[in-house]
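A.B. asks: Sequence:
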Amino acid sequence: MIQIFAKQEAGDLLLSTLSLRFSKVMEVKQEWISSIKLEGGQKITLKVLPLKVPSSVTAATIEIIYREPDLVSKLLLSLAGLSSQLSAQPLIKLSPYGFGWKPVLTAVMVILLMVVVWLYMQPDKQSFKSPMVVGSGEEIKPMPKKLDSAIDNKPLFEEEQLANNTQPKKYRPPVVKNTAPTPLVFRNGDERVVAKSLLEIKTIYLEAGLDHPLNQDICTMLINRLQASNKFILTDKEQADGVFKIFVNNVYTAKSDDKQQSKEVTTFTPKISLKVLLINVKGEVLWPQSNRQTYLGSIDEVTNQVVEGLLDEIRKLENGH
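Residue numbers (the numbering used here): 4 to 324.
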């Protein structure tokens, strides 16, 4: 049993008495909500939520919410109480026809109630402010507030900066700082240094830049030749010092005639046009630097030319050329 009291100077006033019983709702652990409306318009809401406890124990949290009625509800309740009091009074006849003063007073109360509700529902009209007008008839608009910051003092566009700068610019040579290579932090936490030279590339990742049917054959032959050079270690992209990219631009067929046992045999060999780039993890091209040539020939010829050209460049750098 739950009893709800209100504190008063004369003593505690009993508002409501509830009796809670264990039911199927509490067995399935569901929230139970019940509301009671008092004569004065107050609303009492009870929320009972069973707790997760051992099966031998029954426990729950009880939340009690007490709400007072709003202004309109209070007026309605007051008028309803006044009407009930008036109805209990004896009828005072004002004329021989039997009309009394109770209907007139009730109508006045209803009209007053409608006026109060209408005023309560009206929007706030005092928020509108008319613009300030001077004698000449020109409207004065409020100036936007300017923030005291360095950004507001700058022009919005580069064209305005060029227009305001009338003095000729003096050429200043770029300042080259002798700093160490920028380290990169990978997902696994290892810190690697960005390679600035071809000699710093130790691990590479082979990647085909364009989708082509011969990419697989070309990559296989390049991997075999690079591993045979003992200069590089093939690894995944996240761990590699550089990425070796290949681009197959064109494929054509070369015809060759050969005499075998007094018979002419015609063979067709696929020829490719290949370009390669070796870049570091920042996308900077390390090789080839000066002559980004295109390699022409069969797959075997082209892959051999690429690897030999790369190894020749490394030998030049090792010898200080």
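In short, the hints are calculated from the structure, not lab data. Be aware that one or more of the hints could be misleading.
As the list claims (entries may be wrong) - Restraint ranges, calculated between C-beta atoms of paired labels, are given here:
hint, residue 1, residue 2, range
1, Leu-122, Gly-44, 12 to 22 Å
2, Ile-65, Leu-122, 17 to 27 Å
3, Lys-199, Asn-307, 21 to 31 Å
4, Leu-320, Asp-214, 27 to 37 Å
5, Met-4, Val-118, 41 to 51 Å
Said to hold, decoys possible - Dumping the calculated DSSO-like pairs for lysine-lysine here, alpha-carbon to alpha-carbon at most 27 Å:
hint, residue 1, residue 2
6, Lys-10, Lys-46
7, Lys-240, Lys-278
8, Lys-285, Lys-240
9, Lys-274, Lys-199
10, Lys-319, Lys-205
11, Lys-50, Lys-10
12, Lys-10, Lys-40
13, Lys-10, Lys-55
14, Lys-319, Lys-234
15, Lys-248, Lys-205
Glycine included, each C-beta is placed from N, C-alpha and C at the ideal position.
A.B. asks: Each hint: holds or not?
C.D. replies: Hint check results:
Remark: the range hint 12 to 22 Å for Leu-122 to Gly-44 is upheld by a beta-carbon distance near 20 Å. Under the hint 17 to 27 Å, the C-beta atoms of Ile-65 and Leu-122, about 41 Å apart, miss the expected range. At about 28 Å, the beta-carbon gap between Lys-199 and Asn-307 stays in the expected band of 21 to 31 Å. Checked against the given bound of 27 to 37 Å, the beta carbons of Leu-320 and Asp-214, roughly 33 Å apart, stay inside it.
Checking the proposed 41 to 51 Å range against Met-4 and Val-118 shows it holds: the Cβ atoms sit about 46 Å from each other. As the CA atoms of Lys-10 and Lys-46 are separated by approximately 16 Å, the hinted pair is consistent with the 27 Å bound. At roughly 20 Å between alpha-carbon atoms, Lys-240 and Lys-278 fall within 27 Å of each other, so this suggested pair holds. Distance check on the hinted pair: Lys-285 and Lys-240 sit about 12 Å apart at the alpha-carbon level, within 27 Å; holds.
A distance of roughly 34 Å separates the Cα atoms of Lys-274 and Lys-199; the hinted pair therefore is violated under the 27 Å criterion. Our distance criterion of 27 Å between C-alpha atoms is met by Lys-319 and Lys-205, whose separation comes to about 17 Å. Under the criterion of a C-alpha separation no larger than 27 Å, the hint pairing Lys-50 with Lys-10 is consistent with the structure, at around 22 Å. Note on Lys-10 and Lys-40: the hinted pairing holds, with a Cα-Cα distance of about 18 Å set against a maximum of 27 Å.
With a C-alpha separation of about 34 Å, the suggested pairing of Lys-10 with Lys-55 is violated against the 27 Å cut-off. A threshold of 27 Å between alpha carbons decides the hint, and for Lys-319 with Lys-234 the separation of about 14 Å falls inside it, so the pair holds. Only pairs whose Cα atoms come within 27 Å are accepted, and Lys-248 paired with Lys-205 is accepted, the gap being roughly 16 Å.
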